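Residue numbers (the numbering used here), protein chains in the order written: chain A, 1 to 597; chain B, 1 to 160.
Heads up, a few of these hints could be off.
Facing chain A, a subset of chain B residues (Cβ under 7 Å, in silico) [what the hints assert, rightly or not]:
1. S69
2. E100
3. R124
4. C129
5. G130
6. L131
The set of hints was computed from the structure by calculation and includes no laboratory data. The model shown is predicted, which means the values in this text are computed figures rather than measured ones. We put the CB at the ideal spot given by N, CA and C, even for glycine.
Read off the chains here:
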Amino acid sequence: MSTYRMHLLVCGGTGCQASDSRQLADNLQAQVLMAGMGKEVQVVTTGCFGFCEKGPIVKVLPDNIFYVEVKPADAEEIVSEHVLKGRPVNRLLYVEPGMKERIAEHREMPFYKKQLRIALRNCGFIDPEDINEYISVDGYQALGKVLTEMTPDALLVLMKKSGLRGRGGGGFPTGLKWEAAARNKSDKKYIICNADEGDPGAFMDRSILEGDPHSVLEAMAIAGYATGADCGYIYIRAEYPLAIHRLVIAIGQARQAGLLGENILGTGFSFDIEIKYGAGAFVCGEETALIHSIEGERGEPTNKPPFPAESGLWEKPTCVNNVETFANVPPIILNGPEWFSSIGSEKSKGTKVFALAGKVNNVGLVEVPMGIKLREIIFDIGGGIKDGKKFKSVQTGGPSGGCIPAEHLDTPIDYENLTRIGSMMGSGGMIVLDEDDCMVNVAKFYLEFTCDESCGKCTPCRVGNKRLHEILTRITEGKGTMKDLDNLKELGGIIKDTALCGLGQTSPNPVLSTMKYFWDEYVAHVVDKRCPAGVCTALLSYYVLPDNCIGCTACRRVCPVSCISGEVKKVHEIDQTKCIKCGACQKACKFGAIVRK
Amino acid sequence: MCKNALTEEKFRELDAYVASLPERKGALIAVLHKAQEIFGYLPEEVQLHVARLLDLPAANVYGVVSFYSFFAEEPRGDHVINVCMGTACFVRGAEIILKELEADLGIKAGQTTPDGLFSIDALRCVGACGLAPVVMVDGKVYGRVKPGEISSIIKEFMEV
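Starting from the given sequences, assemble the full structure and let the hints guide the process.
Given below as structure tokens:
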């Protein structure tokens, strides 16, 4: 990259592309060319910077200036002011909520200060569509090192020593998984990368594949060497078109460079990778279900044992790891297992990427050392709760996880602690909830998801979750009884104990954890027929206060279902049978004439 | 002419794709992806055709089609409106947006308007959580959608 004196890095992640970052990159390129700087300034479309809340992001190197919420029309000013005259565009710099000063460098931003990026090290830094950029940041060096300097056994020892655990949910030690596959003798073995990120609200795997696809390819080849496999599959959701596009490019480039295929780097080791498309089934994140899906079958899980390491794809030894797990592998090999195990907590080493979303100021991807407190993630990195509201709970682990209340904000996060307080690490979704969220409704939301996604093979999950959902629906409609609450608890416990796979065994978690920490809210729904957060629509209605209404028609005009009647200067009325309780009228009313009861 | 007509030509395209596969073992899902790309959806005739091509029982093919949410057995509208119902969008009001959209078009999620213009789908996370709540129409993403905005978004596509 030495020929250019300046680089304009534009985020090309899905989030920023949704806000026109592609047009922005084109405009920047056009402006650079118009200024006659095409040979001096390079515009690079990178992967996700993680700071999705403030996208699209543009970073200028070597000045290290970080622009946020950049619009395509801002390209001209960035080039004419910053690139040509060396004056950063002040109005595009980041302002911390509640502060006045603008911050120019990303290292100074509270969002990035506490982060430690290992898996996301190259996201937002290199052009994911150019293998040379990956190679320039030590890419494929780890593969070269293991192929030329290490035996597979030594590699397994190294991986076990590092303490890396699976980042997809369960947290099984990666080194042990590889060793099990290596020990099983077979004519054919497989490495599978699980990129079927179905957890709603989690998008770290997609960001890694979009921002740094080669790191995953490299790690898969390394896993192939460790276990004796020569064939790899990446199982990815068809809903991730950009990630697929970049993977296809990356695989092609790696093959051309001789880093995938026959006789890699002249060492006699061969390994190739193929992409397999999922078709939208959450349960396919479970490794046995995923394997059946690759075989072209329904993605239904099977009993373990036999574990895939023994009998997996086409009944051959198979090693399934998740995207983020793979992304950690090359740095571990280059920096040594001691370096990796020095980061994190006693039993959970390294870092974890969390997708921070919901009612938090800074939505985005954050990578933090294990053992960090929830409070630090939500309030320091996340910038606190949106609109100055009160924190209520944080949901981790997606549909398999639980809701953690304020009293546990100072719990250091690792696999064991999260399980202990009734949630789980899962893939790393982290949804922040505030005082306006109804916990019963949130539990119902997750159960609805599980009912949709249950494969139907085992009864506890197929029928049990449906019953849980029905009970929760009754409660949110004000028809619940105290007996329902007992039933929820008992049935939840039974499903956890008896379901076949990870999906069913964890699906009652959202219900059980909210019942444990927010019991009063359940009781309010059941006994008082009241939703304290004002969410459950059956338990509330909007009314016009005749004394306050001046008949300005503002509410009537915004009502999406036209259920408000009334003439100018006359008191309006809401038709309760048509009202969808969206609250638009209340927001539009300037006279406080609409109340929610 | 109905664009979902199952023409000979489309079947031939599918046949050619299957013939080009190096391995038919385990190819069912890939073939169905291709078939949906060609036909737009997977009606019974197409499923039976795929079963014959791959020498599989038709029940197997139907089992797979009905298992995965990506495969549609009904024709889709000209414009597919996806409302993200991922958790991040849900807690920022996606449920209200969906209800409003359903009221506007008079159909439920998963259905198509009688004129074949719009389909509504509730989708699990497009991963643009920073823009929640998100609505996606034909791949174009609308972020931070507020109640009341949905009708103007639909209008854009009615006029085209």
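To see whether the hints hold, each was checked on the structure:
| no. | hint | in the structure |
| --- | --- | --- |
| 1 | S69 | holds, 4 Å |
| 2 | E100 | holds, 4 Å |
| 3 | R124 | holds, 5 Å |
| 4 | C129 | holds, 4 Å |
| 5 | G130 | holds, 3 Å |
| 6 | L131 | holds, 6 Å |
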